[in-house]
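Peer 1: Each chain, letter by letter, is given below.
Protein chains: 4
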Amino acid sequence: MGLRKPEEYIQAIRHRKKAEIYVLGEQVEDVTKHPFLKPTVRAYAVTYEAAWDPALRKLAVAYSPYINEEVNRFNHIHQSREDLEAKVKLLRALSHKVGACVQRCVGWDAINALHIVTHMIDKKKGSDYHKRFIEFLKYVQKNDIALAGAMTDVKGVRSLRPHQQPNPDAYVRVVEVRDDGIVVRGAKMSITGVVTSEEIIVMPTRAMTEKDEAYAISFAVPLDTEGIKIIVGRQVNDCRRFEENEIDSLPGAFNHEAMIIFDDVFVPWERVFMFKEWEFAYPLVEIFSSYHRHAYGGCKSGLADIIIGAAYNLAKQMGIADKHHIREKLVEMVFLTEAMYAASIAASWRGRKMGSGCYWVDPMFSNVAKQLVTRFPYEIARLSHDIAGGVLGTAPSAKDFMHPKLKPLLEKYFQCLPDYPAEHRLRMVRLLENISLGVMFLIESLHGAGSPAAQRIMMGRLYDFEKAEKIAKYLARIEKELPEEIRGKPEPWRSDIEE
Amino acid sequence: MGLRKPEEYIQAIRHRKKAEIYVLGEQVEDVTKHPFLKPTVRAYAVTYEAAWDPALRKLAVAYSPYINEEVNRFNHIHQSREDLEAKVKLLRALSHKVGACVQRCVGWDAINALHIVTHMIDKKKGSDYHKRFIEFLKYVQKNDIALAGAMTDVKGVRSLRPHQQPNPDAYVRVVEVRDDGIVVRGAKMSITGVVTSEEIIVMPTRAMTEKDEAYAISFAVPLDTEGIKIIVGRQVNDCRRFEENEIDSLPGAFNHEAMIIFDDVFVPWERVFMFKEWEFAYPLVEIFSSYHRHAYGGCKSGLADIIIGAAYNLAKQMGIADKHHIREKLVEMVFLTEAMYAASIAASWRGRKMGSGCYWVDPMFSNVAKQLVTRFPYEIARLSHDIAGGVLGTAPSAKDFMHPKLKPLLEKYFQCLPDYPAEHRLRMVRLLENISLGVMFLIESLHGAGSPAAQRIMMGRLYDFEKAEKIAKYLARIEKELPEEIRGKPEPWRSDIEE
Amino acid sequence: MGLRKPEEYIQAIRHRKKAEIYVLGEQVEDVTKHPFLKPTVRAYAVTYEAAWDPALRKLAVAYSPYINEEVNRFNHIHQSREDLEAKVKLLRALSHKVGACVQRCVGWDAINALHIVTHMIDKKKGSDYHKRFIEFLKYVQKNDIALAGAMTDVKGVRSLRPHQQPNPDAYVRVVEVRDDGIVVRGAKMSITGVVTSEEIIVMPTRAMTEKDEAYAISFAVPLDTEGIKIIVGRQVNDCRRFEENEIDSLPGAFNHEAMIIFDDVFVPWERVFMFKEWEFAYPLVEIFSSYHRHAYGGCKSGLADIIIGAAYNLAKQMGIADKHHIREKLVEMVFLTEAMYAASIAASWRGRKMGSGCYWVDPMFSNVAKQLVTRFPYEIARLSHDIAGGVLGTAPSAKDFMHPKLKPLLEKYFQCLPDYPAEHRLRMVRLLENISLGVMFLIESLHGAGSPAAQRIMMGRLYDFEKAEKIAKYLARIEKELPEEIRGKPEPWRSDIEE
Amino acid sequence: MGLRKPEEYIQAIRHRKKAEIYVLGEQVEDVTKHPFLKPTVRAYAVTYEAAWDPALRKLAVAYSPYINEEVNRFNHIHQSREDLEAKVKLLRALSHKVGACVQRCVGWDAINALHIVTHMIDKKKGSDYHKRFIEFLKYVQKNDIALAGAMTDVKGVRSLRPHQQPNPDAYVRVVEVRDDGIVVRGAKMSITGVVTSEEIIVMPTRAMTEKDEAYAISFAVPLDTEGIKIIVGRQVNDCRRFEENEIDSLPGAFNHEAMIIFDDVFVPWERVFMFKEWEFAYPLVEIFSSYHRHAYGGCKSGLADIIIGAAYNLAKQMGIADKHHIREKLVEMVFLTEAMYAASIAASWRGRKMGSGCYWVDPMFSNVAKQLVTRFPYEIARLSHDIAGGVLGTAPSAKDFMHPKLKPLLEKYFQCLPDYPAEHRLRMVRLLENISLGVMFLIESLHGAGSPAAQRIMMGRLYDFEKAEKIAKYLARIEKELPEEIRGKPEPWRSDIEE
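Chains as they are written, first to last, in full-length UniProt numbering: chain A, 1 to 499; chain B, 1 to 499; chain C, 1 to 499; chain D, 1 to 499.
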């Protein structure tokens, strides 16, 4: 079938079997028409459109050896370091078109992580998960399927392991094993872009012990599978999507995050990619999250570009763009933005080929990128607010602006330089407000792909403190010789690195 | 008449002549019943209630020598350093009751600034503004009037002075002088709490030159004066105020900021406190803004307490409040909060008595307090988001939570420790979301009482660089003697300091 | 005897019995003539001189009710909040004269802490330490004695309590009890200004348990007591003090820190102020360290003034003082400096009268001040380095500058604006180098009066998280009423607060 | 001749014609034996040794097409992105061996910049500088010459251009043109590693106008050329190099920076690479400085490794390495270190081939790397000081430690865990002190390769604000279409990019 057109994708999700989706206490009839969800549909559509856009095609399309065809990059298994870099570049470029989180990279990162880990499990256990997974991958690539990935469980009591929880369903688990498949129960939280996807890939969310084996499962299911309930979460300014005028909800692009409840859902064996191999839960988490943290240096620098552009335009409107202190703030925003991006670019080029043939990012740099993303967006937002002025929190509504009696007054009093109509100022203020105070740029930057503490644990494990100590001892002349280059501590998947 | 009860205040603003107020494109019938404005009414009512609350009375009431009676502290002229400290303490305490900006301190700071500056003008010019002002003050104190203060003009082209603007009304100005008073035109932006006030005190917003004299005016007018139009601005999550359930808009406390348009408004002479004395425009701005910056160390540390409390409770619900990295973040939030507060306390105790008998805050510490407030709340917000988790941007709506089919599922999956019902978690998440991402805690902290650059200019002027250089020269043995204590550069109002 | 003149002090320490003091591996003959120690002698002399300096007298002298005479403030027991503020002001002012840590406040803070704690012990135990202490105090005040304070033990294994240490002398302890006194053994580290003092006041360094009671001791001994060995520590650039020219070691003012070894030292009972009352070890630490942290907002802001002055002068020499980015950096340094100072001023004015009649600082603000001091000086140093330029690390030596062949070349090439001789630039560079990279401004700011973690523990304990949580619950409508003002958790000394 | 052994290099600089070098007011006889300069000799020797070290050879040696031989990488012209990455890796690895700035990359960056710019000048002007330069390069490569680079002029009045200076020699200039060459006069400041080099490459330090053409010159001269005077600058703790014991000056590795005075020095035409082509002064500065800023992500992360190792070891000695707050600080240091490194890695892989065939780094990422380096080392230093404790500023001297009477006492009292001898603690404290407070890690990180403001100007110019604004306008629906990818503003050398 090959690459789909955006309209084909929209038709497909409009006409599938009706999934059970709730928004603000009501069940959704058609996600493609619901004001709360349309922005995500549009974001997904942009990813399909990119494959047909001459300016983006080079980034948006890749050759897949698995089906010997071109595929949308969002369904591609990375074959090289260039592929890893293309991911980061594509996300930054698409952010500019979407004005929000593109939402489709979780599924993408999931298939790459499973490509590697199913191969690792098979090698150790003699199982055939990888073959199974490749069949699924071919189906996805041939049909240009929109994927979502679901990792974060609801987790109950944070200090207890899955099998110790008072609520045994606090982590998704197998509740029944059948000849033809398994039945799963539990819930996943904070799942991005799910209702506009066609398939959900489910992965465990943490390291497991043997006693947690019922929780060590990974699988894929269509969204409209019986027993799946999806509750879409709220976000800052979300109800503006229901307003008639477009201005106050600019850029009109929101993502959505949802809770998925698996209320005893059946999964056939051919869609099961991990089943009780508890010792591979952690490698899957770490490989997936390194991939996903790598994405953030791309998409969040893309959102930062929009914020810089909006602040720059507002400064021009006020006639202060060339004031030194404004310029300093703009440059600081650039610096912070490019620093996040640089770390993800570095993570791409220090990627390594894994046993399955897939390229994995450098985990240190990927975690560094994400850790920067947990801090710099708050400062970028603050600087943009500083430039934009208090009007960001006090500007009149678009409805006031359009009121016949008020319009002439606001056109007079809300304008700064006569070169710019007052409406342009209002539009730019709303764009900046909705992006810079939005969940996507703040909360999502902090917690997406794992909270700051998760990256810190991983950076602490990846850095070789013993080696650093030996260098210090050598230089303090406590030890005579600088030791030979010492390799990092062995990890389950280290031995899987080919190159 | 003496201290009013909160219900008396509410009746008063309900039954005044109808002011011309717009919210979301519609004119407001009754501010006390409008869902968008009710939270401000409640905030103001709390300030009246405090005078009758035994626990707060000591802070909320003060003795006024002008009417020889007790007055609500929000209408008090500071008679001592203790009064200055009481202001900061009162604001922190009331923030805890209101859950938002109390909104009534702008008018308070305006009367204190005018008390000082009218006296200064008279001394120099032989005018009688101070007497006029005292009459107004007595009226305010006797009737326990709710005041608003309006300083920020719309400002047009930022790099041009008022008289150079392409739009001559970009700053509020006199357009006509009559025997009985003046007619003013222009607009003020970002005015806090105005529609629930009874009188508006208008002040110039910047230094003026002789050519700007028509803009160097200060006066007071009742809100329902003919020709005044008020357009209430939008804020993050404002439309949640219209939702039926209370949870998603917790704490139900918002402030409002509005644009006031003076469409040729008449002001009688007895309400005019500055008229073309352009050389006093800047002293008024600097004295007022030092007062107002002083307030921020109180009210924003109060909001920070709420954020700390919410984050602490959420950490308990998840069972992680005693984890070291959570504790570290909580303590960091405490440190940042108390540092803001400390600077305002210091500004109180280094206050000085001015020629009019009113105590003014220390301007350096007041500016330091506000500069801290332009930075620390963003970091406090970030730390609270870190603790609360991604759920802050993805939690289901209260409507979903109340849906009969979803409620049992959400009670099961949204709960953490069994000791806490899931609804408590939702409530705390919404409280934290609405405060920590709200205009009041971020944008308002940044721009209220002047943008960061304004404080920097003032700190740079207040610090004696020449003295510091002389100290350095002495220590570098370029100069033999350390100079006698060198006084700061003379400012218009320096000579006005008595003590 | 009354207030001593600086020369009287110098004579006194020159002619005392020779104490056993080591510097760079050699025993010191006369501390007043040793190039390594002279700067400290000078600093101490400045504190004596201040009492006779009309410009400083008001700050430097106070009336003592204990001897009914004026005393040098460094030996004063705080009788009011004004006294607490005077301490902070005095330290800032003296820093400007000394160009370094004044070094005399440790002993001062020790006598104030012991004043309070001896009174607390007596009240609980019926002992008579306070009377004993007052006798000692009178001796100190009457003879205008120079005191040092010693708290930090060498501590051995950090995770073990004193009685668990493999080295039982890792904390100072009683090794013998006699009729006339006790014999102590152990060592104290990082003791400021000790060799130029006349008496050392020793205090425990941490909370103790009953098993540690032999370590719960406090006492005072003259420096030249038998068995005391003092090893003066090294500091950055210390050997420049031996160079002939003065320029490279500008400002010629260094502090010193030493290790004091108590090699079985006898202390008569009248000099023992705590003996095995282990439960008062922690209150003494906390009260002393709050006092001492309060000092840092004064002395470090004083050093920061010098750094600002030096950076400002260097910017003038280069002709860039009015460049916007230089101005921004100078103002940022001012802001950071005044923020540290503000917190100590606030700690003074929120001080409270204790049972002994002595005023104690507000511990929260005092800890906030010190926590700011653990961070801001590094940023102030960085900003000053930014302004000064790379020359700070590459300027030629004064010896090169004075070389007959090189002098004309350096006068030509090292000069910037012709208004300033090249030598002035070199002097200012050296002043800035020695202060901004010195132990006093960096390491001492970080660790003096307790490391950052110590302040964090105390801030965490002083803040009422339960109250904050209750406020949040009230605003989240989980609880109906805001609780009455809740007092902090009771501490041993809380009940000792009178006012 | 090919790759030299380290001893060959040392012999060469020992036996050259005596250059006129001053240290602390005295002329140096033999740089290889002078205690002040030996550390630099050792650093250079390590770069020669690396070419023969099997573990480093792959990084340290490269194939040069210009002489069809292997060369030391420090004299290599980058032929690929892999070469650019190898530079960063090599610098990090060598920092571990040297314990200081390696000092040899300035010359390296200079030859790469001149390779590109001489080619650009020729293309535009029809000159033959590139050929001349290649001849010089072959000489350097064939003889494995140690190069220094000199860019920073003394600059006089910062706000004036070279031709406007009151001192016409404030920038190096041509004072005479002869048939066989030119005579130059002026001085260069803050030149790294120069006295241990054999040739100095001189470049202009800023953009020039036509009137400055006498200053727009670049050339190479041997160090021992007549008329060159070198005055070595002072650094923190430099005089410890003269002390007999090694401990207090650990790691025994310092760099040096010197002022080079060109007192009418003759340069033959074949060594002149730019002569009055003023419009190429700025491209040379920008290309060189981007190269040089790229280096800092390598060498400073290498020094940071040492600091991490020392702090980790000291934490172990105290028995606190596994305490949570220590671990957090160590991980923070790792994060900051790897972020600096990541930006330089990214700058390597986004490098582009220039017209001359040489690969240039990505200038945005290179400037981002350096800007990070102007901030993070101060924070890394602070964190290491926090872990190490106050002992960093108060530890006894090695001479005290070796004193027969004090040694047993210090072995007892200076030890923490019994597993580690006290001397190891002293060694580690000194190593950390000398590196973390040293010029190399602080001042050099701030000002080397250009001050922070220089990077900010360049980042501001490289970022496409107009494009960002257009994206914002598109998303604010002010413009209908997102513009085609817009290229950056054209720069003189942009057209020179091949790939």
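Certain hints may be false.
Since copy identity is lost for identical chains, a pair holds within one copy or between any two.
[What the hints assert, rightly or not] In silico EDC-like pairs for lysine to aspartate or glutamate, Cα to Cα no more than 20 Å straight-line:
(1) K89 with D30
(2) K353 with E82
(3) K480 with D53
(4) K18 with D30
(5) K125 with E423
(6) K399 with D53
(7) K399 with D180
(8) K353 with E379
(9) K155 with D386
(10) K123 with E176
(11) K405 with E176
(12) K399 with E243
(13) K412 with D264
(14) K89 with D464
(15) K142 with E7
(16) K142 with D30
(17) K89 with E20
(18) K125 with D53
Hints are computed from structural coordinates only; laboratory data are not their basis.
Remember, it's a predicted structure, so these values are computed and weren't measured experimentally.
Peer 1: None of the hints should be skipped; say for each whether it holds.
Peer 2: Do the hints match the structure? See the list:
1. For a Cα distance limit of 20 Å, the shortest separation of K89 from D30 qualifies neither inside one copy, at 32 Å, nor across copies, at 53 Å.
2. Taking the closest pair of Cα atoms, K353 and E82 come within 20 Å of each other both inside a single copy (12 Å) and across two copies (17 Å).
3. In this homomeric assembly, K480 and D53 come within 20 Å of each other (Cα to Cα) only across copies, at 17 Å, whereas the closest approach inside a single copy is 61 Å.
4. In this assembly of identical chains, the alpha carbons of K18 and D30 lie at most 20 Å apart only when taken from the same copy (8 Å versus 45 Å across copies).
5. In this assembly of identical chains, the alpha carbons of K125 and E423 never lie at most 20 Å apart, being 64 Å within a copy and 44 Å across copies at closest.
6. With identical chains, the CA atoms of K399 and D53 are never at most 20 Å apart, being 36 Å at best within one copy and 41 Å at best between copies.
7. With identical chains, the CA atoms of K399 and D180 are never at most 20 Å apart, being 57 Å at best within one copy and 38 Å at best between copies.
8. With identical chains, the CA atoms of K353 and E379 are never at most 20 Å apart, being 36 Å at best within one copy and 35 Å at best between copies.
9. Within a single copy, K155 and D386 get their C-alpha atoms only as close as 38 Å, which misses the 20 Å cut-off; across copies the closest is 16 Å, which meets it.
10. For the identical chains of this complex, K123 and E176 are neighbours neither inside a copy (27 Å) nor across copies (70 Å), given an alpha-carbon limit of 20 Å.
11. For a Cα distance limit of 20 Å, the shortest separation of K405 from E176 qualifies neither inside one copy, at 67 Å, nor across copies, at 24 Å.
12. Taking the shortest alpha-carbon separations for K399 and E243, both the intra-copy value of 10 Å and the inter-copy value of 19 Å come in at or below 20 Å.
13. In this assembly of identical chains, the alpha carbons of K412 and D264 lie at most 20 Å apart only when taken from different copies (15 Å versus 61 Å within one copy).
14. With identical chains, the CA atoms of K89 and D464 are at most 20 Å apart between copies only, with a shortest distance of 16 Å across copies and 30 Å within one.
15. Taking CA atoms no more than 20 Å apart as the test, K142 paired with E7 passes inside one copy only; the shortest distance there is 17 Å, against 65 Å between copies.
16. With identical chains, the CA atoms of K142 and D30 are never at most 20 Å apart, being 25 Å at best within one copy and 62 Å at best between copies.
17. In the homo-oligomer, the alpha carbons of K89 and E20 never lie at most 20 Å apart, since the shortest distance is 35 Å inside one protomer and 52 Å across protomers.
18. In this assembly of identical chains, K125 and D53 lie within 20 Å of each other by CA distance neither inside one copy nor across copies; the values are 44 Å within and 42 Å between.
Comparing the model with each numbered hint stated earlier shows that hints 1, 5, 6, 7, 8, 10, 11, 16, 17 and 18 do not hold.
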